[in-house]
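Here the protein sequences line up with chains U and Z, keeping their order. Position one of the first sequence corresponds to residue 2 (the numbering used here), numbered consecutively onward. Position one of the second sequence corresponds to residue 10 (the numbering used here), numbered consecutively onward.
Don't read these hints as lab results, they were simulated from the structure. Misleading hints may appear alongside valid ones.
Here are the simulated EDC-like pairs of lysine to aspartate or glutamate, each with C-alpha atoms no more than 20 angstroms apart in a straight line [unchecked claim]: (1) Z:Lys-108 <-> U:Glu-460; (2) Z:Lys-132 <-> U:Asp-403; (3) Z:Lys-108 <-> U:Glu-414; (4) U:Lys-323 <-> Z:Asp-77; (5) U:Lys-330 <-> Z:Asp-77; (6) U:Lys-517 <-> Z:Glu-166; (7) Z:Lys-132 <-> U:Asp-86.
Computed list of chain Z residues with no C-beta within reach of chain U, every gap over 12 angstroms [as the list claims (entries may be wrong)]: (8) Ser-28; (9) His-40; (10) Pro-60; (11) Thr-78; (12) Lys-98; (13) Ala-107; (14) Glu-145; (15) His-227; (16) Ala-233; (17) Phe-257.
Every residue, glycine too, gets a C-beta built ideally from N, C-alpha and C.
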Amino acid sequence: MTALLTLPSVLVIVLVLAAVGFFLGRRRALAASGGTPSTLHSLPRQHGWHVALATAVPALILIVFWSFLAGLVSNIYIDAIIPDDQPELRLPLEQRAGLTEREIEIRVQGRRDLFISNVQALAGAIDRYVANGNATEEEVQRWRADLAPLQQRLQRDGQIVSTAVTQGSLNRALELRRFNAIVAVTGPLAALAMAVIGFAVSLLVISRDFRARISVERWTRGFLVFASTMAILTTIAILSAITLPSLTFFREYGLFDFLTGLTWAPAGDVTGVPAGRNGEYQSELGFLPLIWGTLYIAFVALLVAVPLGLLAAIYLSEFATKGVRAWVKPALEILAGVPTIVYGIFALVTIGPFLQAIVGTTIMPNTVSVMTAGVVMGMMLVPFVSSLSDDVINAVPQAMRDGSLGLGATPAETVTQVVLPAALPGIVGAIVLAASRAIGETMIVVLAAGALSNVTGIEPNPFGAVVTVTTRIVAVLTGEGSGFDSIDVLAVFALAFTLFFITLGLNLLAQRMVAKYREQYE
Amino acid sequence: MNDMQLDQRVVGSDDIKISARNCQVFYGDTHAIKDVTVDIEDKMVTAFIGPSGCGKSTFLRCLNRMNDTIESCRVEGDIRLDGEDIYDKRVDPVQLRAKVGMVFQKPNPFPKSIYDNVAYGPKIHGLARTKAELDEIVERSLRRAALWNEAKDRLQEPGTGLSGGQQQRLCIARAVATGPEVLLMDEPCSALDPIATAQVEELIDELRQSYSVVIVTHSMQQAARVSQKTAFFHLGNLVEFGVTSKIFTNPEDPRTESYITGRIG
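Let's have the full structure, built from the sequences with the hints guiding it.
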């Protein structure tokens with residue numbers, strides 16, 4: 002019975018029930034009509050859909066929510082059952098020496114988090130151990146940590162148990178497993194109950210006058226609303242995930258120090274927040290070198306992309322014949338689809354050495370530099386700028402061009418004096434969007450701007466390597482063994498947070514400009 | 010063709026501004042204008058009338074080579090401005106259009122100030138050497154388009170902020186400012202209300218003092234009110250061309266009569 006009550010199997014049962022409901026509902030509606038379907042308010046098919054939706058949708062929603070919430074509930078449970086005097090949480094006396102109350106508190110909290118993750122890992126390991134058929138549930142319940150080298154037994158089965166298993170952690174893990182077992186059954190059971198209730202009620206209400214069509218349309222609208230809110234919800238989820246660590250970082254390190262710091266030099270702290278003393282950290286986490294590098298590269302990229310993209314757009318929309326347009330426009334769009342890592346490789350192996358050969362190794366000691374990344378990123382943005390500009394230039398009414406040409410202006414005069422001024426707000430919007438992409442771009446700068454360089458400050462030389470916001474995020478998160486509570490990692494969240502708001506601001510600005518432009522002509 | 014020769018004798022004048030001979034226009038494979046021969050006189054308003062799709066606008070756009078901007082369009086035959094073939098290889102369409110101005114169906118002021126709208130043509134053609142000269146051209150053109158009194162206090166405001174009728178008069182002022190010899194108007198009143206239409210019609214009558222005006226219109230009343238000569242187009246053919254009063258009172262071709270009395274169109 003419990004084997005049936007897993008989420009996947011309940012999912013299948015619900016869907017089968019819904020399919021059966023569709024046919025039953027249709028047949029019942031036909032029966033209710035007494036042989037003349039035209040007397041029904043809704044078509045039999047719509048009655049069928051109504052039963053299917055009433056059966057499946059509430060159950061599916063419950064299943065989805067349960068799969069998210071079960072983990073959360075389990076986390077809350079484990080935090081609640083661990084008392085403050087759990088022996089494993091005590092900080093040894095010799096480690097307390099010379100620490101302030103606050104620092105001790107932070108360390109104890111760190112031990113608590115560690116203990117919780119150990120318990121969870123142990124519970125997971127036992128689950129898989131049982132699932133592999135090495136022990137029965139009854140045996141597991143009688144386990145003791147010291148009875149046999151439990152850790153080795155689990156490891157022999159291929160389970161990863163990193164720290165020594167204490168009796169305390171084993172007890173908590175077993176408690177957690179019992180709780181999880183209950184949670185795992187309750188969700189599917191509730192979903193199944195909802196499906197059966199929906200099935201029965203919706204079949205019972207079928208009558209000649211039942212407005213199934215209206216109900217089905219309401220369900221459909223609900224689906225559409227759900228689909229459209231998903232993107233927004235995702236954004237909110239992302240924001241909420243990075244906001245809390247960012248705020249912790251701002252509080253711990255100091256927002257002012259972060260925003261005005263001239264040096265970015267993480268010391269590789271891995272042992273939790275207080276790596277230094279009294280808020281002093283070995284890591285220097287100043288934002289300015291990163292935003293300098295980011296904007297420097299974006300500036301070079303725009304210097305390349307805007308003239309080329311804009312001129313390409315003008316050529317395509319105003320001068321190219323149909324034949325040329327049919328070839329060049331798709332070609333430009335293909336360029337837009339090239340993965341950025343490919344551009345990055347191109348920058349690293351071709352553009353970098355090329356630039357170095359031109360300017361010499363004294364100015365450009367490495368092949369990675371602002372120019373290398375900027376030029377290639379500019380190439381990447383050309384189709385982006387040209388395609389957006391092409392759209393806004395095409396939106397300028399033909400009447401404008403006719404008016405200008407009819408006055409004896411040349412096509413070039415028409416473009417520069419009438420078409421471009423009319424399209425300007427839209428073009429500026431396109432450029433702002435391109436800037437936003439340049440700032441958020443990762444792969445090219447990781448490969449071509451010096452991801453592994455030891456630059457820590459502001460580098461004014463355009464042929465020198467720089468650090469950028471995105472490369473530092475990659476460097477810290479892919480670096481070795483940084484705990485998620487170290488100041489360096491928290492700083493990365495703050496970087497992501499700042500980057501999010503910079504690009505959000507730019508996108509809003511671009512959107513407003515384009516919208517303003519649209520108002521003029523539509 | 011016999012009708013045509015008769016008409017030419019009737020209106021025969023030495024003051025012919027534009028003469029078209031056996032003009033053909035093709036859009037791809039579509040034969041839009043078939044063998045049109047017509048003379049347009051100076052200091053006179055010539056109206057092109059006819060049902061939708063009869064080719065009157067297409068023919069109008071041949072007169073300043075605006076059809077060049079349409080890729081699939083091909084013009085054959087002989088069109089002369091002051092005796093000079095405007096489709097000759099040596100003729101620059103840009104210069105031609107400075108001499109043959111055009112006003113469009115929908116008012117299309119540029120997204121610039123009223124002043125800059127009018128000054129646009131003179132600037133690109135270098136007609137004014139100083140700011141004062143330019144100011145004078147702008148004022149003269151706006152006066153000629155009967156817009157000066159309404160616009161003189163708001164010259165720096167955007168032209169798109171004017172009312173529809175004012176916008177169309179602004180477009181006329183813009184066309185007049187380059188000092189053209191011929192003004193082509195493609196249904197200039199079709200987007201305007203009756204009052205604005207009356208103002209523009211009055212203006213057209215005044216413009217006749219200085220220019221040769223060709224107007225395409227759907228309104229037969231308008232043709233009768235503003236023009237001295239009328240050409241009736243039907244299915245790409247020029248059916249009848251003559252003195253306006255005669256066309257409207259005593260047309261020779263039965264198709265003209267049917268159209269004027271409202272039986273075809």
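Practice item. Output the numbers, in ascending order, of every earlier hint that fails for this structure. Key: 1, 5, 7, 11, 13
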